[in-house]
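Student: Residue numbers (this note's numbering), protein chains in the order written: chain A, 1 to 502; chain B, 1 to 671.
Don't read these hints as lab results, they were simulated from the structure. We put the beta carbon where it would ideally sit given N, CA and C, even for glycine. Hints may be right or wrong, so weigh each one.
[Said to hold, decoys possible] Covered stretches of chain B, as calculated for chain A (at least 3 residues, CB under 8 Å):
| no. | stretch |
| --- | --- |
| 1 | 73–80 |
| 2 | 142–149 |
| 3 | 178–184 |
| 4 | 374–383 |
| 5 | 393–404 |
| 6 | 598–611 |
[Claimed, not checked] Partial list, computed: chain B residues near chain A (C-beta under 8 Å):
| no. | residue |
| --- | --- |
| 7 | Ile57 |
| 8 | Leu106 |
| 9 | Ala108 |
| 10 | Leu128 |
| 11 | Ile131 |
| 12 | Leu314 |
| 13 | Pro437 |
| 14 | Gly438 |
| 15 | Ile517 |
| 16 | Gly522 |
[Unchecked claim] Partial pick of chain A residues on the chain B-facing surface, computed with a CB cut under 7 Å:
| no. | residue |
| --- | --- |
| 17 | Glu121 |
| 18 | Thr285 |
| 19 | His340 |
| 20 | Ala383 |
The primary structure of each chain is shown beneath.
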Amino acid sequence: MSHHDVHPLPRIYRGVFAAAGPLLYLTGVRRAKLGEWVSVRSVGQTRRGQVIDAGEEVTVIQVLEETLGLRPGETEVVMSGTTARVVVGRELLGRILSGTGAPLDGLPAPVGEDLRPIWGEPLNPARRTRPGDFVETGVSAIDGMNTLVRGQKLPVFSGPGLPGLQLAAEIVEKARAPRGEPFAVIFVGVGITARETQLFLDRFKGSGASEWGVVYLSEARDPTIERLLAPRVALAEAEFLAFDAGMHVLVVIADMTYYCEALREIATAREEIPGRRGYPGYMYTDLAGIFERAGVVQGREGSLTQIPIVTMPDNDITHPIPDLTGYITEGQLVLSGDLHRKGVFPPVDVLPSLSRLMNAGIGPGKTAPEHREWANQLYAVYARGREARMMAAVVGESGLGDPDRRAMDFADRFEREFIGQGRARRDIAATLELGWRLLERLPREDLLRISDATWAVRDTAGGDATVRDATVGDATVRDATGRDGAGRDEAARSAEGTEASP
Amino acid sequence: MSRDRDTAADAASPADAVPARGAAATKASAPSEPPPATSIAPPPATSAACAARLIRITGSLAVARPLREAALYELARVGEQGLLGEVIRLDGDVGTIQVYEDTSGLAAGEPVALTGSALTAALGPGLLGSIVDGVGRPLSRLAQESGDFLRAGLTAPTLDPSASWVFSPGVAPGDLVEGGDVLGEVEERSGFTHRILIPPDVGGRIAEISEGEVSADAVVAVLEDGTPLYLGHAWPVRQPRPVSRRLPSDRPFVTGQRVFDFLFPVAEGGTVAVPGGFGTGKTVIEQTLAKYAAADVVVYVGCGERGNEMAEVLNEFPSLIDPRTGLSIMDRTILVVNTSNMPVAAREASVYLGMTYAEYYRDMGYGVALMADSLSRWAEALRELSSRLQEMPGEEGYPTYLGNRMGAFYERAGRVIAAGRPERTGAVTFIGAISPPGGDFSEPVTQAALRVIGGLWALDAGLAHQRQFPAVDWEVSYSLYMDALAPWFVERCGADWPELRAAVLELLQRDRELRDIAGLVGVEALQDTDRVVLDVAALVRETLLGQSAYDPNDAVSPLEKTKALAALSLSLHRTILRLLEEGAAYEELDIAAARHALFSLRNSGSADVEARALNVERLIAALGTKEPEGEGAEVAALEEAATPESPTPESLAPESLAPESPTPEDGEAEV
Ligand SMILES: Nc1ncnc2c1ncn2[C@@H]1O[C@H](COP(=O)(O)OP(=O)(O)OP(=O)(O)O)[C@@H](O)[C@H]1O
Ligand SMILES: [Mg+2]
Chain A
1 MSHHDVHPLP
11 RIYRGVFAAA
21 GPLLYLTGVR
31 RAKLGEWVSV
41 RSVGQTRRGQ
51 VIDAGEEVTV
61 IQVLEETLGL
71 RPGETEVVMS
81 GTTARVVVGR
91 ELLGRILSGT
101 GAPLDGLPAP
111 VGEDLRPIWG
121 EPLNPARRTR
131 PGDFVETGVS
141 AIDGMNTLVR
151 GQKLPVFSGP
161 GLPGLQLAAE
171 IVEKARAPRG
181 EPFAVIFVGV
191 GITARETQLF
201 LDRFKGSGAS
211 EWGVVYLSEA
221 RDPTIERLLA
231 PRVALAEAEF
241 LAFDAGMHVL
251 VVIADMTYYC
261 EALREIATAR
271 EEIPGRRGYP
281 GYMYTDLAGI
291 FERAGVVQGR
301 EGSLTQIPIV
311 TMPDNDITHP
321 IPDLTGYITE
331 GQLVLSGDLH
341 RKGVFPPVDV
351 LPSLSRLMNA
361 GIGPGKTAPE
371 HREWANQLYA
381 VYARGREARM
391 MAAVVGESGL
401 GDPDRRAMDF
411 ADRFEREFIG
421 QGRARRDIAA
431 TLELGWRLLE
441 RLPREDLLRI
451 SDATWAVRDT
461 AGGDATVRDA
471 TVGDATVRDA
481 TGRDGAGRDE
491 AARSAEGTEA
501 SP
Chain B
1 MSRDRDTAAD
11 AASPADAVPA
21 RGAAATKASA
31 PSEPPPATSI
41 APPPATSAAC
51 AARLIRITGS
61 LAVARPLREA
71 ALYELARVGE
81 QGLLGEVIRL
91 DGDVGTIQVY
101 EDTSGLAAGE
111 PVALTGSALT
121 AALGPGLLGS
131 IVDGVGRPLS
141 RLAQESGDFL
151 RAGLTAPTLD
161 PSASWVFSPG
171 VAPGDLVEGG
181 DVLGEVEERS
191 GFTHRILIPP
201 DVGGRIAEIS
211 EGEVSADAVV
221 AVLEDGTPLY
231 LGHAWPVRQP
241 RPVSRRLPSD
251 RPFVTGQRVF
261 DFLFPVAEGG
271 TVAVPGGFGT
281 GKTVIEQTLA
291 KYAAADVVVY
301 VGCGERGNEM
311 AEVLNEFPSL
321 IDPRTGLSIM
331 DRTILVVNTS
341 NMPVAAREAS
351 VYLGMTYAEY
361 YRDMGYGVAL
371 MADSLSRWAE
381 ALRELSSRLQ
391 EMPGEEGYPT
401 YLGNRMGAFY
411 ERAGRVIAAG
421 RPERTGAVTF
431 IGAISPPGGD
441 FSEPVTQAAL
451 RVIGGLWALD
461 AGLAHQRQFP
471 AVDWEVSYSL
481 YMDALAPWFV
491 ERCGADWPEL
501 RAAVLELLQR
511 DRELRDIAGL
521 VGVEALQDTD
531 RVVLDVAALV
541 RETLLGQSAY
551 DPNDAVSPLE
561 KTKALAALSL
571 SLHRTILRLL
581 EEGAAYEELD
591 IAAARHALFS
601 LRNSGSADVE
611 ARALNVERLI
621 AALGTKEPEG
631 EGAEVAALEE
641 AATPESPTPE
651 SLAPESLAPE
661 SPTPEDGEAE
671 V
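Construct all of the structure, not just a fragment, from the sequences and the given hints.
Tutor: In structure tokens:
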């Protein structure tokens, strides 16, 4: 990363001739730089701002704090000579800071190890390593069906009243760094209430997370523009911890919806031409500037993983906020109001959920050789079951064919037992085994996505062990129809009680 | 806005007949040096340009004065760091420049220098296997300069100037040559001939020509009028390269994806749009085609998408082998990458750069596949620039010229006879992903594409959620190439190919209707013949249309396998209907073994296709007869199927069945 001009001299100007919303217009500034950081002093108050339009004659400054009461005639603008930078360093671990990096915990401002531009430079795509390290979150809907890997950006698409933040807390609490590698959590509260923040932080009291985490808060009551900075300030620190200090960093941002609303608010104040539903046309690029900062870099130890939370307005996944997010992130975990009402926790609807990096994180040596097939099969039956359920709502269960009825029954169990694990932690072996138990209640003719070879291994293992890293020695074993009724049902029944516990 | 006059003028000037290094040299010069254009072009503009200063910077646009001498689309160096930009508007002596790099830190008063040339692509040997940003800077060399993060103001030539090549001349002193002629050739990759082309606007009599090892920037020939010729030349990216003649498209671009080859084939030189909401599989399709489709050269433009996807390509492609050449897939690929967090203006330029590379290899006589993921990001970049220019916005804020720009771009695809001698036929097939907001195809970018494309592969979120991949909505998708390609398929795959296709489509259509009815009355209320349709159609969706990009055996499907799966599903359908007619009850028929065998066929590698297909056939024939059931039946049939010529049972089994069969990363892929 570059370090721009070291100690430029601040210059002071009074030439504000107009103010509109968060914008100040001033003349007479020499060589204002685009993006330059400024302080605005007016009537005994100092606010921060940034140059967004650097002209020969007119300089436009966007003020970060509330501009209420600001008097153009009595305003002094101090140009810092540099673009926005923040203090980063290991020393920040354990601290609670504002969206601009100022201490909120009553302790002195950190000195840190470096100053970094908050608009980080783009990672050279050719220097990225393809993420592929499995992160065990202990949540079956994730580990089994939508596997998270280090360096991924995987948002939670929540809805009003749905436990998106709780799921994130769950993941943070349970995602262990295997092999005792250095691990850090960065929590960025954007526009959420103090109560929600507290709820999240309370989860870590005693678990030690508060010591290996940094918290950045730009709460609902803080100025709008600070919300746009908070994720970037936090990511500057996250990049430092990951790529300079070699830690595995997990960044949780709650809630990107408030971030986007702030973006819209400011675009409106700037009188920009609005795009879809009033959000600015550059929102995709803007969000990408945040989400693309996740990753793993060749030759560097650490990784930066992001779990942003997005509350879908009206539970509408086509709303521009989740829509553009989904176009940038590497999948999404979608929460369902239906499951939530049924008391399923975490209420993850696995059908619209996706982890695009799953394939790189599963398989032999990582989870289990048959993980892909297994997940495909669970998806296939569950999707069929969900369709059957809808059909049954119209025509009644008796109108369904047998396979549909079986699939529907499967879907019920799958939601209750597999997805709805409550607060218990399941390791990947337990997740896989539970999936097998549910699948094996069905006749094999319903399970054509499982290959013969996998069945062969499963059968020789006696159906009671996951095919973990097993190699298929003699693949000539061929099970044509797989319709072996009796014994299997019993195995499944006896397995019912064996719900994995933490 | 018009861009033709000035770039055309640029192109016609000998300034373009520069070494491959030429364009690069522009970029390579440090900002403190005199205007870099002087190294490659007559410098008419430089004297005036020296005085030009920035008067305003907003977003990625920089406004400078005086730029009276500038030409539209002329490249400029902006600010003390020398950021690369393109003049996109001229108004009196005020010029507006779209800057390809991060503009933060720029201040009014900083200098602006014109380069005298348009944004060009450096064309020449060494492009294959490279990965460049949206304006042609090689990303690996930028990393050497600036480390892992991209800084603004970096420079590096596209083609490595220190490389050397063995040149075999194709013409002799005294020969008359003109633009497009083959001057000679070098072996760019082992077995891959890179034809050295005379720049389109140059001609004359050869005075001297060299032979043997030459360095990348050496003069390899001189015309009698003194014009030097190099291994490469520069070409303005926004200008189509000239061709001798356009040819009709009568042969397919074989993708190896069943749903495309069978239902919606694209012609070589054709254009396809792949629209779909997020996560519906656009990138997987683009990448799978880049890996397995029958192309000599692939240009892949990652336009405003994810960095990790590029890392995946870089991780995977080098170890995949193209069986047609025995070379690594990476050796036939050029990656143009401008991820979503890289500067927006360069995103706009990236697709033109990719198209220019594609045309260049086409002109050598190759079949080139151009992939762009995603054109929506290109259009959005256009929108962003347009709105900063305060142009009158059209629909959804896109500039009113969006449709024209897209149309002009798609026009550059095609099958052609290249300009010059000896005669060469080449093609650029263009497959462009589109990312409609909310997955709604009524938006302007999809609509603009629909007006010009020859094929539509529409992706559906519902199918993707059910993990039915490729999630192609066959009701909405189409191919306008069907009729033109039918003779080829008939000749190559048999006379029944068109009928099979029609029958499959009919089955799917009937299935659609029946599923609607079943949704109202229940499956149980349907007649047996209709339930058969539902079951067979489900099988068709899973085995014929469904194809996992991650299954090493099935990621690419030879046409034989595609046909076998279609023919056998239909044959199963017919057989069941016949048995029902003969009085059998559907409940009683045991089709499990046949279904299972069809899945095995789908999951088998190309070597096993014939035997597996035979096996399915036998099981279908055995339906209704009192054959031994289940397991025994299939295994017995399979063993019988193994005649001495066909693979033995042992060779059939393992690699297609073992879960640990080689993944594309560690094994060789078959096309
Ligand atoms: N042919 C396929 N076989 C198996 N899985 C597939 C296939 N196509 C898509 N998928 C699955 O769907 C996921 C999403 O696909 P992809 O990344 O190509 O979507 P996309 O349309 O490019 O989305 P975006 O617009 O957000 O970039 C993949 O990560 C993969 O899991
Ligand atoms: Mg994509």
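Student: Which numbered hints turn out to be false for this structure?
Tutor: As far as the earlier hints go, 1, 3, 10, 15, 19 are violated by this structure, in ascending order.
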